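Each residue of the sequence shown is one higher than the one before, counting from 1022 in the working numbering.
Simulated from the structure, these hints should not be mistaken for laboratory data.
Every value quoted in this text rests on a predicted model; they were computed, and no experiment measured them.
Every residue gets a Cβ at the ideal spot worked out from N, C-alpha and C, and that includes glycine.
Careful, some of the hints might be misleading.
[Stated by the list, open to error] Derived CB-CB ranges, DEER-like:
id: 1; residue 1: 1118; residue 2: 1055; range: 31 to 41 Å
id: 2; residue 1: 1042; residue 2: 1093; range: 35 to 45 Å
id: 3; residue 1: 1060; residue 2: 1039; range: 24 to 34 Å
id: 4; residue 1: 1024; residue 2: 1051; range: 42 to 52 Å
id: 5; residue 1: 1126; residue 2: 1040; range: 16 to 26 Å
id: 6; residue 1: 1129; residue 2: 1070; range: 49 to 59 Å
id: 7; residue 1: 1101; residue 2: 1126; range: 51 to 61 Å
id: 8; residue 1: 1065; residue 2: 1025; range: 26 to 36 Å
id: 9; residue 1: 1118; residue 2: 1024; range: 25 to 35 Å
id: 10; residue 1: 1094; residue 2: 1051; range: 52 to 62 Å
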Amino acid sequence: PPPVHFDQPGVVVLGCNIHDQMQAFIVISEAPYVGMTDSAGQLDLSDLPAGDHRIRVWHRRMDDSQNLWWEGSISDADDLMVSLELNALTPEPPELSPLQQRFRNATHTH
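Model the full structure from these sequences, guided by the hints.
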């Protein structure tokens, strides 16, 4: 297949047409500095130059009304640590399809 070109900022959601729970997200940003947190929820932006900055946080379980920003000024000597609390929504457990229910019933002993 030909490559897909993303020419506007935003979030692209990819899903599996067989497994409804399988999702992936592509975040397209115009920002010159971007990153993704590690498993501990931390992000290192040590290449960020001195000056005024605005940091936006995105999480797949936050809706657009929950945009989270940090704004501030840093100098070259700053070892700045910013702590942000996310209010991500807990997803409801999905209902099993009839096929999934039959499979579960057949594979679990009663």
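Worksheet item: Are there hints from earlier that the structure breaks, and if so, what are their numbers?
Response: Checked against the structure, the hints that fail are numbers 4 and 10, while the rest are satisfied.
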